[in-house]
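Since the structure of chain A is already known, use the hints to place chains B and C on it.
Going down the list, the protein sequences come from chains A, B and C.
Note that the working numbering gives residue 179 to position 179 of the first sequence, counting from 1, and the numbers run on in steps of one.
Every position in the second sequence, counted from 1, becomes a number in the working numbering once 1000 is added.
Every position in the third sequence, counted from 1, becomes a number in the working numbering once 2000 is added.
Each hint can be trusted.
Which chain B residues face chain A? A few, computed with CB under 10 Å, are given here: (1) 1031; (2) 1094; (3) 1100; (4) 1105; (5) 1110; (6) 1111.
Calculated from the model, a selection of chain A residues having no Cβ within reach of chain B, i.e. all distances over 10 Å: (7) 1; (8) 6; (9) 8; (10) 14; (11) 95; (12) 151; (13) 153; (14) 300; (15) 305.
Calculated directly from the structure, the hints in this document are not laboratory data.
The C-beta atom is built at its ideal place from N, Cα and C for all residues, glycine as well.
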Amino acid sequence: MTRNQRICFAVFFLLMIPVPWLLGPFMTQIVILVITSGMLALAFTHTLKCGLLRFDIAGWWAVGGYTTAVLTTKYGVSFWLSMLIGGLIAVAIGYLIFIVAIPRGMIAFFMVGMVVAMIITQVFSASEYFGGWGGIANIPPPSIGSFQFISKPSLYYLGLALLALQLFVLLLLYNSRIGRAWSAIGGGLKLAKSLGIDIVKYRMVNVLVGNFFLALLGSYYAAYSLSVSPMSFSTGVSINVMVAVLIGGMFHSISAPFIGSAILYFIPEYLRSTGEFSSIILALITIFIILFMPMGLLGLFDRWVMPLIFRLTKRYPPGMQPA
Amino acid sequence: MTLGLFTQILVNGLIMGGIYAMVASGFTLTLGVVKIFNFAQGQFYMLGAYVCFGVVTALGMPYPVALLASFVSMFLLGALFYFGVIHKTLASGFFHTWLITVSFGTIIGQGALLTFGNKAGVMPAVIEGAYNIGGVIIPQGKLLVIGGAIIIMVALYYFMRTKIGTSMLAAAENVGVAGLMGINATQVFWVTTAVGCALCGFAGGLIAPVFAASLFMGQTILMKALFVVMVGGMGSMSGALIAAFLVGIAESFGFQYVGQWDLILIFGFIAVLLYFKPGGLIGKPLPLPGE
Amino acid sequence: MTLLECRNVSKNFGKLQAVANVDLSVEKGEIRGLIGPNGAGKTTLFDVITGFYRPSTGQVIYQDGDISKLEPHKISQKGLARTFQQTFLFGFSSVFDNVLAGFHMRCRAGSLQEFSHSRHACMLDKQARDEAMEIINFMGLAPVQFMWAMGLTHGYQRMLGVAVALATGPTMLLLDEPVTGMNPTEKTQMMGLIRKIRDRGITVMLVEHDMKTVMDICDKITVLNYGRKIAEGLPDEIKQNKEVIEAYLGREGE
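One chain only, chain A, in its complex shape (with noise of 0.2 Å):
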């Protein structure tokens, strides 16, 4: 990790510990959902980064949060032990499909992915073993030893840890050759090619290692909301990750799912005033930004404020001098 990347982790996590303290435990709630939204997303910008749309989110995610509803109240199994099958389920299942899919290229990975998340939903609310369309309820909560995780202040906490250590990979991962590879493919896919990156195989470990954290975050949620159904794993969850990388700016992979997350968490507060008219409002919002700040709020930072900042700072970064 560069150090700067090290300096605004650190500072990042040190700041996002005391919240439960700070804010009290509604604010708390809801910092949770802005930062397990935030993740969703940053699984979808990881895999744009190697030039790949995914509208899969919810599918994997629902493999986590059912496997890990189905091994705790059907079989006992510890929670964390869940976690990491689940994990391991929506790799291996993931391999199998889009070994076929990452070949054909961009367009036709995104209509799998769209198809692959409504069958795993539909297998989940029509089988009675997954609960149909009630799901599965009554989850036991997460415990290291006699220690549950039921109160909003450890359920925080268990979320942070998630976050950190998917951010920690994530940034390993960025820095390395691997991560390399994606940028070269995301910056020009013939380039990419012959400089003898296999693309294939770059983009198939960068989509598995999205489907590994989705499945994680599909446990923790679980574990959060103590039951599993197939309504919350709807495809309205990957449109609306979407829409949030939109909102945020989708050049920044790192801070932009959250920023944009976050802004997405309160639009609909507002909306919820305008009632049935909520969809077309959002729809009418997505359309704005498609129109008129297709880079996001992030891309807008980038033209606007980062020159005055360079300006009074006077200090540029390299290639970037006026001449």
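Positioned in the frame of chain A, the structure of chains B and C alone reads:
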């Protein structure tokens, strides 16, 4: 089961097959030529159905005129949609264009629901109740749908051989080279979008008297069209055609026998198929970017 | 020894025959020119050789191995690198990062070591960076090494394209219009660099429209027209070849 029941199910399957063929062709065309997913296309299907209904009931015109009205109105609306929306976002990329079509689809769908939802949730099924039973068991009305579908698909086939049609295919292969050959990309794009929407509108008009129109039909048809396009090979027109009828028939029989698992059967069918033949069924696919 | 060979290579797009029955062989240490009027199929031939298209007929042989059916990245791994007519670069990355990207296949530290940033991986990374600097200096890109690729002038962009291809450590380099759009100073500079590249032991084949450059720098020239090879030989022979002159004049008259 009786022959009557079998024929009934088969005919229903063919009807839906025809509808899927039209919608999926429109979708594939837009995908292959303009290289975008037009997710609003489902709503054009719904609008076409209601235009047809409106023309027959409110204006008192005969059914064929109403069908024509569906086609033309959706064609114009599609063109408007292209210039108003799609053209502006093409430069931003596939993701942005797709998301904006989703947003517009939502607006049209929700807007229709809010404006008309209170008045009449589901439009009455039978416009042409006058049609008697033709042949032995098959209602003439249903045959009409199949006939209409075949006619429009044949028309599409010949259209693709006209000057504008071949321009579309050339642009699908390689927009840059097509431009060098004098083909105006914008023109090709708006025509393609408009034709795709018109096909959906026409399909909506065809299905309205038989299976009833509802304000939700846009969303369901979109999903089905996607399955068809995937099974038929993304970007392949002939594949979409064959897949449409296969899916329609499979769905019809599946629903009869397996009930709620029919959807899963179809998905499984897609999955197995794609596994062994990733390119979809047959036909030369229109090239998609990113390969 | 023959490094690259095309045996009866054709490429059809539907009814259009972009490349028709081309036989070609390039010796190690050569600088070979590939010329022909616009649309003669030169870039298509490059695309076939480097695996972006499969030949419709015939074979492409590199270092005695059949590469006709290989994917582009596999062909690059065998030591055959190329530049693109349209100058593909990573626009949002610096010149240095672009060249570094080219070292991808040369730093094989194994995925786990890469992930954990082991000492071995870091060492290889440092080696790559040093060598990238060396290539940047060689190509004269030092003054702009930190600039974003999209901000470079056309001439520098083309040099960068060649630098990135060099970073892959090739044994043969295919250059697609290396000097097109350059001013005379840049052209001379590039020509000198190409000669130096050959002196480093890298065989070169280039497509070019600038006749002066081609005649000056190439050991041997192959001429294509409408996808077919119409002539091949030393620059002086080609200069006087009637068919070649006609091909160019005939095209200009259209």
